[in-house]
Each structure stands twice: as structure tokens, then as C-alpha cells.
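Modelling step: build the complete structure from the supplied sequences, incorporating the hints.
Protein chains: 2
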Amino acid sequence: MNEVITLLQSHRSVRKFTDQTIPQTVLEELIKCGQAAATSSFIQACTVIQVEDKNKRKLLVDLAGGQPYVEHASRFLVFCADMNRHKLVCDMHNSKMEAGYTEQFITATVDVALFAQNVLTAAQSLGIEGVYIGGIRNNIAEVSDLLELPKLVYPVFGMCLGYPAQDPETKPRLPLSVVLKTDHYQDDNDTTAISEYDEQVREYYRSRTNGKKETAWSEKIADMLVKEARPHMNPYLKDRGFILK
Amino acid sequence: MNEVITLLQSHRSVRKFTDQTIPQTVLEELIKCGQAAATSSFIQACTVIQVEDKNKRKLLVDLAGGQPYVEHASRFLVFCADMNRHKLVCDMHNSKMEAGYTEQFITATVDVALFAQNVLTAAQSLGIEGVYIGGIRNNIAEVSDLLELPKLVYPVFGMCLGYPAQDPETKPRLPLSVVLKTDHYQDDNDTTAISEYDEQVREYYRSRTNGKKETAWSEKIADMLVKEARPHMNPYLKDRGFILK
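Chains as they are written, first to last, in this note's numbering: chain S, 1 to 245; chain Z, 1 to 245.
Simulated from the structure, these hints should not be mistaken for lab results. One or more of the hints may lead you astray.
Which copy? The list can't say, so a pair holds if one copy fits it or any two copies do.
[Unchecked claim] Heads up, simulated BS3-like pairs for lysine-lysine below, C-alpha to C-alpha not over 30 Å straight-line:
1) K151 to K212
2) K213 to K32
3) K171 to K54
4) K16 to K245
5) K220 to K32
6) K238 to K58
7) K96 to K220
8) K227 to K96
9) K171 to K32
10) K151 to K171
11) K213 to K16
12) K96 to K212
13) K238 to K151
14) K56 to K238
15) K220 to K56
16) K32 to K16
17) K96 to K56
18) K245 to K212
19) K171 to K213
Here it is as C-alpha cells:
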């Protein structure tokens with residue numbers, strides 16, 4: 001329909017990068033795109049830590065579950081939900097901040113995601129590619145210590161950015177009928193639609209791996225969800241002052 | 001730097017729309033842009049409910065705190081974090097889903113936000129404008145009932161979309177030094193930077209209201225955060241099967 005829509009619809013994660021550096025002026029322009037995103041009640045709760053220290057990058061590879069591109073990408077950004085800034089602001093006005101509400105956790109987390117998605121879109125419009133790194137939540141307390149995050153700040157995800165040295169295919173998404181409903185939720189036909197989609201995903205993996213892998217989407221999801229999911233997150237967040245009430 | 005970056009940096013929320021309808025084919029193209037966004041571990045946890053029923057739109061105006069554009073916008077979308085779909089998938093494979101982890105709540109919520117931001121960016125590239133409606137969380141249980149959301153689905157926010165009948169200014173954002181840090185968190189100079197920024201925000205409100213309003217950013221935030229923030233969210237989410245562990 002237009003170039004922006006083509007850009008958005010052609011998204012895929014890129015994990016291999018050339019040695020070319022993203023200039024700091026460009027990075028800052030991307031961050032300004034992030035800042036321009038909508039922000040709930042104007043809270044502006046996103047803080048980005050750009051990790052340049054080579055040693056910290058190495059440590060983050062391990063903390064994020066062994067993803068080498070965290071070290072090798074031109075830039076590695078950690079996107080944090082930050083309500084410490086708001087505590088500072090309350091202190092400026094001698095107000096007592098009512099922290100710890102789950103609602104604030106949601107608004108801050110959403111703020112961060114809207115911000116980050118703008119950063120990635122802006123980057124991709126310049127021929128830069130990247131990948132989100134949710135793996136930093138594997139060892140979130142250690143990552144927080146490494147980046148000296150105070151209470152009321154938590155790292156939501158990382159992002160590798162660089163000039164691409166690979167050109168992967170886009171991954172097929174769920175049928176529109178499964179994700180878009182009218183007036184009310186209903187999932188009566190979803191099982192059938194998902195079964196058809198499973199075949200597409202099988203074919204996607206088959207063609208990418210010369211027939212070695214052919215997992216259906218529903219199999220992958222079912223396998224993943226019988227296991228516990230980062231059970232440390234709930235106590236970690238409470239310790240940092242989030243989702244207390 | 002390029003048109004995409006100009007588009008992203010010129011974002012502002014639009015709340016007044018013409019009567020022109022967004023064609024369904026266009027809306028579906030926007031949704032496909034949302035689907036193309038990154039999704040944590042391929043979970044694809046976003047479901048969008050487009051609300052066409054006029055009576056439901058009217059009810060949503062009140063439930064969202066009296067925002068008339070929820071009724072009058074060409075389209076009103078409710079973006080839901082959906083783990084019910086994953087339960088369905090686990091049932092397909094006779095697997096027992098380990099639900100209720102805070103981690104899953106985060107990945108689903110982030111998925112929704114990345115998806116929605118793509119929808120908005122794609123819309124804006126076509127001359128459509130909009131605004132996020134976090135206000136649906138004011139009465140989230142009633143909104144969930146109205147849209148017949150099952151357990152493991154929660155409405156994160158709404159979005160009005162339409163052709164703009166107003167052209168507001170962009171709102172100034174925090175100085176870059178406050179939101180972008182290198183290698184570690186530090187807020188030593190943030191108070192000074194925020195005080196300078198406060199003057200910009202005062203000037204923004206002054207010029208928009210003919211001098212009637214001139215609230216600084218830090219004042220607005222401090223005023224807001226001395227109050228409780230939707231205290232029903234934590235019990236609501238637990239009741240729906242989220243953040244239980």
C-alpha cells in the first residue's frame with residue numbers, strides 16, 4: 001500500500017551483523033523516535049541504557065542465555081521501565097509517591113514497548129536491523145545489578161541493532177480471523193484455523209532447515225507452556241517495588 | 001533523516017475525526033502490520049476486537065471515563081493480551097498449560113503493545129490518526145464482560161482511529177540525557193534537566209491555552225502519583241488468571 005506498510009510487514013529478526021558501526025547521532029535520532037511514541041498520561045517511563053562497555057556486553061551474553069549477537073551487534077540497548085524518575089519528581093515537589101500499583105507497572109511496561117517499537121521501525125527504515133532480547137529476563141536481578149538499576153526500574157528487554165549480515169525470511173503469522181474479532185470475543189473456529197496455520201509453519205521450518213525441522217506452531221507453543229516461565233519474575237518485581245498492590 | 005523518521009517524530013494523539021470511514025480492507029492491512037511485529041518466543045498473544053456495535057461504543061465511552069471519540073471515531077479497537085488462545089492450543093495437544101506466571105503476563109502485554117504501535121504507525125502513514133485509550137482500564141471488569149472476554153484474556157488499551165479533523169502540536173519530550181544512559185543507570189543530573197524541561201512544557205501549555213494553563217511536567221506527574229492508580233487492576237488480573245505466580 002505504501003513504503004511504511006511494506007517495511008512493517010517485511011519485519012523479521014536479524015541476528016548477524018556486519019562490523020559497520022551505527023553512528024551515535026543516528027542512534028540518538030532513533031531514540032527520539034522512541035520518545036515521540038504515545039505515553040500513558042504523559043508519564044514518559046522509558047529509560048534506555050546503551051551498553052558500550054565490552055566486558056558488560058560479554059557478561060550480558062551469558063546472562064541472556066548465550067546469545068552471541070548481544071556482544072557483536074553494533075549497539076545493544078536495554079529498555080527499562082522507569083518509575084524511579086517519577087519518585088525523583090515527587091521528591092522535587094515534596095510529594096509522597098504512591099508506588100507499587102500494578103496499574104503503574106502496566107503503563108510503564110507499555111510505554112517501554114511503544115518506545116522500543118518506534119526505535120526498531122526507525123532503524124529498519126535506515127537499513128539497520130535488529131532483534132529483541134527478552135533473554136535478559138533469564139537473570140534479571142544480575143542484569144539489574146550490572147546496570148546499577150535502582151528500585152522502581154526494571155529491564156523489560158534488550159535490543160541488538162546493526163547493519164545486517166543475513167537476510168532471513170519473514171515468519172508466517174496467525175490467520176487474521178484468529179487475531180481480529182468483531183464486537184465480542186469468540187474462538188469457535190480458531191482450532192480449525194490454527195490447524196491450517198500449523199501446516200504453513202511446518203512448511204516454513206521445513207524449507208529453512210532442508211526438511212530437518214518441521215514443528216507446527218501449536219506444538220511449539222504447547223511444548224513451551226507445559227513448563228514454568230521464569231518463576232523468579234514475580235518475586236523480583238515485588239522486590240523492586242512493582243505489582244505490590 | 002527520512003520520511004519514516006519524520007512520521008514517527010511528528011506523532012501526536014488526535015481525538016477529533018471527520019465522518020469518513022476507514023475501509024475494512026485498510027483496517028485489515030493495518031492489523032497485518034501489527035501481526036508482523038516481533039513476538040516473544042513466537043507466542044502471538046495479541047487479539048484485537050473491533051467494536052462496530054453502536055450501543056457497545058456508547059457504553060465504552062462511559063466505561064472509559066467519558067471520552068466521546070470512543071463513540072465517534074471511524075474505528076475503535078480493543079487490544080487484548082490473550083493467553084486463552086494458548087490454552088486452546090495446549091488442549092489440542094492434551095497438554096496441561098502452566099498458566100498464571102507474571103512472565104507470561106509481561107510477554108503478552110509487550111506483544112500487544114508492539115502490535116498496536118505498528119497499527120498506529122501504519123495508519124499514520126496513510127493519513128489516518130488516532131489515540132490510545134488506557135481509560136478502558138477504569139472499569140476493566142465491565143469492559144471484559146461487554147466484550148465477552150474469557151479468562152486469560154485482558155484488554156490492555158483501546159485505540160480510536162479515523163481521518164483527522166484537528167491538527168494538534170507535538171508535545172515536547174524529556175531531554176535525551178534523561179532517557180538515554182550509557183553502561184549504567186545514573187540520575188545525578190536528571191533533576192536539573194527536568195527543571196529545564198518543565199519550562200518547555202509550561203510554555204507548551206501556555207501557548208495552547210492562551211496562558212490559562214501552565215503546568216510543568218514534574219508538577220503534573222507529582223500531582224498524579226500522590227493518588228492511587230486503578231487499585232482494582234491487581235485483583236482483576238489475578239481473577240483472570242494473570243500474575244498469580
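Status of each hint after checking the structure:
Neither within a single protomer nor between protomers do K151 and K212 lie at most 30 Å apart by alpha-carbon distance, with minima of 46 Å and 37 Å respectively. With identical chains, the CA atoms of K213 and K32 are at most 30 Å apart between copies only, with a shortest distance of 26 Å across copies and 41 Å within one. Taking the shortest Cα distances, K171 and K54 never come within 30 Å of each other, neither inside one copy (32 Å) nor across copies (36 Å). In this assembly of identical chains, K16 and K245 lie within 30 Å of each other by CA distance neither inside one copy nor across copies; the values are 42 Å within and 36 Å between.
Taking identical chains as interchangeable, the C-alpha atoms of K220 and K32 lie at most 30 Å apart only when they sit on different chains, with a minimum of 22 Å there against 37 Å within one chain. With identical chains, the CA atoms of K238 and K58 are at most 30 Å apart within one copy only, with a shortest distance of 28 Å there and 38 Å across copies. In this homomeric assembly, K96 and K220 come within 30 Å of each other (Cα to Cα) only across copies, at 14 Å, whereas the closest approach inside a single copy is 47 Å. Only between protomers do K227 and K96 lie at most 30 Å apart by alpha-carbon distance; the minimum there is 9 Å, versus 41 Å within a single protomer.
Taking the shortest alpha-carbon separations for K171 and K32, both the intra-copy value of 29 Å and the inter-copy value of 13 Å come in at or below 30 Å. In this homomeric assembly, K151 and K171 come within 30 Å of each other (Cα to Cα) only across copies, at 28 Å, whereas the closest approach inside a single copy is 38 Å. Taking the closest pair of Cα atoms, K213 and K16 come within 30 Å of each other only inside a single copy of the chain (21 Å); across copies the shortest separation is 51 Å, beyond that limit. Proximity of K96 to K212 under the C-alpha cut-off of 30 Å is restricted to the inter-copy arrangement: shortest distance 27 Å between copies versus 59 Å within a copy.
Taking the shortest alpha-carbon separations for K238 and K151, both the intra-copy value of 10 Å and the inter-copy value of 24 Å come in at or below 30 Å. Proximity of K56 and K238 under a CA criterion of 30 Å is satisfied intra-copy only: 26 Å inside one chain copy versus 37 Å between copies. For a Cα distance limit of 30 Å, the shortest separation of K220 from K56 qualifies neither inside one copy, at 32 Å, nor across copies, at 37 Å. Taking CA atoms no more than 30 Å apart as the test, K32 paired with K16 passes in both settings, with 25 Å inside one copy and 26 Å between copies.
Taking the closest pair of Cα atoms, K96 and K56 never come within 30 Å of each other, the shortest separation being 35 Å inside a single copy and 39 Å across copies. In this homomeric assembly, K245 and K212 never come within 30 Å of each other (Cα to Cα): the closest approach is 48 Å inside a single copy and 37 Å across copies. In this assembly of identical chains, the alpha carbons of K171 and K213 lie at most 30 Å apart only when taken from the same copy (15 Å versus 49 Å across copies).
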